[in-house]
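A.B. asks: Single-letter residue listing:
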Amino acid sequence: MPCHTVGAPVTLSASATSGLPVSFTSGTLPVCTVSGSAVTTAAAGTCTITASQGGSARYAPARGVQQSFQVNPVASKASGALVTLLAAAVLAAAGGALVVRRLRRRSRPPSAPEPIVRVVPDAGPPGLVSVHDTGTAVTHTVRIEPSPGTSITTIEEARP
Amino acid sequence: MTPAVQDRPHTALDLLLGPGLETPEDLARQILSASAGVNLGRALENLPKATREAAVREVTTAAAGLLNVDLIGVLVAGWRKHQDLTAAARRTLAAPGSIELVDLAAHQVTATQHPSVTVLVDGHQVATLQLGLSVVFAVSALLAGISAGRLAALRSGRCDITATLAIQTNLLYQDPCVLMAPSRERQGPLGQKALLWSRSEINLKSM
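If you're matching them up, the sequences are chains P and A in order.
Numbering-wise, numbering that gives the first Met the number 0 puts 51 at position 52 of the first sequence, and it's gapless, one number per residue.
Numbering-wise, numbering that gives the first Met the number 0 puts 153 at position 154 of the second sequence, and it's gapless, one number per residue.
Simulated from the structure, these hints should not be mistaken for lab results.
A virtual CB, placed ideally from N, CA and C, is assigned to each residue, including glycine.
Incorrect hints may appear among the rest.
Which residues of chain A face chain P? A partial, calculated answer using Cβ under 10 Å [unchecked claim]: (1) Lys80; (2) Ser97; (3) Gln112.
Sequences are here, hints too, so could you generate the full structure?
C.D. replies: Laid out in structure tokens, this is it:
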């Protein structure tokens, strides 16, 4: 799989031989997220996408097909060529086959500036931090949710 | 020489800190150097550096806050279940103006808490840091003065505290591995002055 650059949009395309719709999920949050067929690469690392077909009354669900690609930091060089991929098809027990056909991306121009990161700790309530990367125009929010959990107090008395 | 009251631990965090670990940041560094911290680092490794650092900072601050457990409050919660103390509290409530001295035999109050810190990045839950805090009070030869249902005085006796901290990190979007960090255990006395300094009278009735 070719590499992509942080912030570069990637479009997924897949079809099932059953004709049923195919859905995508990211297994590597927060490197990449998926909305419909659009992938947003938010951080450097390995992005793994799983394509699934949930089946119907006539067709059994197809086993998910995973494809991974590397997401490089913005400073890394990448060509802007259209990438076509063919993924292995996985046959489900009742014949629902799934083929991931293409993965298209548009890369950041080579002259893209180095990202500037700005941390805004006071952007919201306690435990919420926003980090804005001006290079990719991506803002990450980190939210912390503390929970006191369970608490048990016991006493053990020495009895004569 | 008797240490000053201020030197006594007032919270579980105070007890877990100490020589070599003097600030919550020191504890955070130890948490992160343990296997649970490595695991947390894995959950965050793909984030930009500034985001990762902000996440770690917020997690450790939240974890330190959860360990800020009032030791006196924990001990009193145990004493509210002590038969001799609660019986004396009831009797002194029934007889206004009466005072009872209760000679407490050796007993042990144990408090276990399991707080957690969940990390969400861009709305997605990426990891949960689970803490296991155990505080054990070993109390011996303590004389308690009870009046009007309240603990009004403590004399002699000894109270040793042991705090144990266990940490594990559950990763939600990577390999589902769970690692236990080494427990951190420290022992120390809880001064009686600290007890009375914190609360002049302690209500022994169930709250």
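A.B. asks: Each hint: holds or not?
C.D. replies: Hints, one by one, checked against the model:
no. : hint   : in the structure
1   : Lys80  : 5 Å, holds
2   : Ser97  : 23 Å, violated
3   : Gln112 : 5 Å, holds
Hint compliance for this structure: hint 2 is the single one not met.
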